[in-house]
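Produce the entire structure from the sequences given, and follow the hints as far as they go.
Residues per chain are reported as follows:
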Amino acid sequence: MKNRACTPLPCRSPFMFMCRRPAASFPILRLLAFIATIAVMLTYPAWPAHAEESTSDGAPAADLTTLTIEQLMEIEVDTVSGASRYEQPVTEAPASVTIVTAEEIKMFGYRTLADILKSVPGFSVINDRNYQYVGIRGFGLPGDYGTRMLLLVDGVRQNDTVYQSGYVGYELVVDIDLVERVEIIRGPGHTLYGANAMLGVINVSTRRGRDMNGVEVSGAAGSYDTYNGRLSFGKKFAGGLEMLVSGTYLYSQGQDLYYPEFDAPATNSGWARDCDRERSGSVFLKLAYRDLMLEGGYVKRDKTLPTAPWGTVFNDSGTETTDNSLFLDLKYRRTFDSGLDVMGRISWNQYNYDGYYRYNDAGEGEAPLLYTNVDKTRNSWIAGEVQLTSELGERHKIVGGVEFRDALRMDQMNYDTEVNLDDRRTTWNTAVYLQDEYQVFDSLVLNAGVRYDHFDTFGDTVNPRVALIYSPFSHTTLKFLFGTAFRPPSGYELYYGDGATQKANTDLKEERSTNYELILEQSLGRHFRGTVSGYYTRVKDLIVLTTDPADDMLVFRNIGKVECKGVELLLDGKWDNGIRGRISYAFQDVRDVAADEWLANSARHLAKLHLLFPLVREKVFFGVEEQYTSAKKPAPTAGQETFSSPT
Amino acid sequence: MFLRVLCPALLIMAIMLSTGVLSSASVEHGKADEYQVKAAFIVNFINFIEWPDTALSADSFTIGILGRDPSAGAIGALKGKTVKGRKLLVKYFDDPEEARNADLLFISPSEKRSLPLILKNLRNRPVLTVGDQQGFARSGVMINMVIVRKRVGFEINLPASHRAGLRISSQLLKLAKEVVEQ
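As you go down the protein sequences, you meet chains Y and A in turn. Take the first sequence: its position 423, counting from 1, is numbered 423 in my numbering, and each next residue is one higher. Take the second sequence: its position 75, counting from 1, is numbered 1075 in my numbering, and each next residue is one higher.
Rather than coming from a laboratory, the hints here were simulated on the basis of the structure. None of these values were measured; they are calculated from a predicted model. Just so it is clear, CB atoms sit at the ideal spot from N, CA and C, and this is done for glycine as well. Honestly, I wouldn't trust all of these hints.
[Unchecked claim] So the derived label-pair ranges between C-beta atoms look like this:
no.	chain 1	residue 1	chain 2	residue 2	range
1	A	G1076	Y	F528	19 to 25 Å
2	Y	K106	A	P1159	44 to 50 Å
3	Y	F613	A	N1124	42 to 48 Å
[Stated by the list, open to error] Below, computed lysine to aspartate or glutamate pairings styled on DMTMM-like, alpha-carbon distance capped at 25 Å:
no.	chain 1	residue 1	chain 2	residue 2
4	A	K1150	Y	D291
5	A	K1081	Y	E70
6	Y	K574	Y	E625
Here it is, written out as structure tokens:
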């Protein structure tokens, strides 16, 4: 039910596609992946005691210049520029990347990840008063819960296995105030990212305890009876333990809303009152000690729906959804003197969804006969990853890794007066990848990688990525990118069937995309930096909700085909007096190839302007944010249900 | 089903095991910020280098930073200190051409790609070039700071300094992790 309105494409030509048997479950493959994993871990027992004896017990930083070279050479330093793959300068990244820092989040007053994404070139967000839907480069559909975008929190995948949703509102597992930076990659990005990294990768990094260094309390009250509060504590202790713990609560009464289509005496003259409430509570914990890090987050959010979706009763505050997400991640990371960087992690995620929908069973003119339809999802998965990074000689940097994910629970239920659906399953997948960053000449880098994924639902997929990064002059970088990516069919698309209007399709295979991109980055004097990029993306086997003519039931099929072409221009400016600005323009042409028309909800032109003026010495800022979006084609009305999305 | 449970369990164990071995080994001492230490190194280097007689001005010594400052102001904070009887000035450059007027030039990691061009611009100028990226010393940067076992050390490219007419004291050469000699 939740995804029911997800009609990604109007299906005009429901031609048959080749039937594939679901791949047989291959325990052997899984075993191999693990043997490789364990072997990798055990072949580095050369990690023995590296006893550290330091004579200088951290001289006060200010006095460092009075020390001799010999003394300085004894001081243990905290590297900020480690060999991390995520910390390479933007100009060196094999992708089109935007980074939004905590500073900008604060200065522009962004409250959710959706607010941040809205500000980023090429991104758009729509809100249907339940969830917010991210469009990337003109490809964004209501009812697409962020499935074609990989969302990571400190490297931990947040997209679940039932809907594959990447949430960007208050249902995101981390409070936006705890975010250190958000890295936004357009296109499939690295080989390091697998399923869902089709149109983009969003990597949210959280703050460190030492950055907070004490207690933080924040509270705010806003319009429509909105209150929120946060209490956090962060510190790095003398013993080396670093911690950050935080809790947030938000309540918003919301608006009373008027919908002309319901303007009748029986439906409260079109007014939905007390039906826009949102509540969210979250806790976050991060503990780091030496090379180990334990991180966890939990969020629960509920929202009443004023839009009376899917034929529910209008103006009934009983129609609401609850989402809760939980994750726990244990990560080990170490860079050895040899230059080898080892990262291993194991994480546990859970995503639960409860939707309550109020219906009226009474006929015209009869007394109301209300009942509640309940839609439930219980999803939990365990995931592990081992990744090795090493420099080979002066010119090669190799990254290789093994990943697995096992959804131990993937249950979908729907019931009201009777049980409509009770589907319980498990699913798993595994992957191996290898990438080489090869400095061909001083001015030319070739970044090439390949990734193999195996899913028990559809089988195997191999995806190559190649990037050429050329810097002919000191202020100019030219990048050419090619890559393919995929999205596996979700549990919802594969198995949801209520026996009345929608049926399951276990033959679904993965969606595939191929992406070409050319980027020019140019510094223009001291104050400006310009970026121009052009891209072409082709998506085939797009999973589309369509009607089976044989039985008139809704069913998902791999029949969509979409082409995205576009150009993005970006100019960043920064002046010595503290004023900064950013102006961007995107032209995007997204076509449904089968029907030969623009995709719904896809704007052709997107322009954004940001300006910041410091008012009081880098403390108080005056920010201006302007956005222009050209008209969008309304969402298709194929299938029998659509959203009314007043925003 | 059995594998499904076994595999994650093995992975956890492997991680625990390998980290358990490691964590017992060392004790954490007071750490310093990487670039605070590197800035202190930069000041120290000046004392170990002799510039040609006419190269330095009488009362000031200019440290230049070429490219984005990675030090979060740590190098900039050196301004006003006295070295070799001269007041330190810190200037920021974007253009290698302008950077020729510095006495010591720190080449930011952001300029890694354009290093050959930068060095060409500085050829035969009495500018001490300093960097902190792997391979910089071999590429012709005179002093390159490296991190070995979490401590800052440095490599020296001797021919590069000779060409620029700079003399590096033997004491500094002795402390270097590597001296490039050809």
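Cross-check of the supplied hints:
1. A:G1076 - Y:F528: 19 to 25 Å: The hinted range 19 to 25 Å holds for A:G1076 and Y:F528, with Cβ atoms some 22 Å apart.
2. Y:K106 - A:P1159: 44 to 50 Å: For Y:K106 and A:P1159 the Cβ distance comes to about 49 Å; the hint holds.
3. Y:F613 - A:N1124: 42 to 48 Å: holds (45 Å)
4. A:K1150 - Y:D291: Distance ~13 Å between A:K1150 and Y:D291 Cα, so the pair holds.
5. A:K1081 - Y:E70: holds (20 Å)
6. Y:K574 - Y:E625: holds (16 Å)
In the structure shown, no violation is registered for any of the earlier numbered hints.
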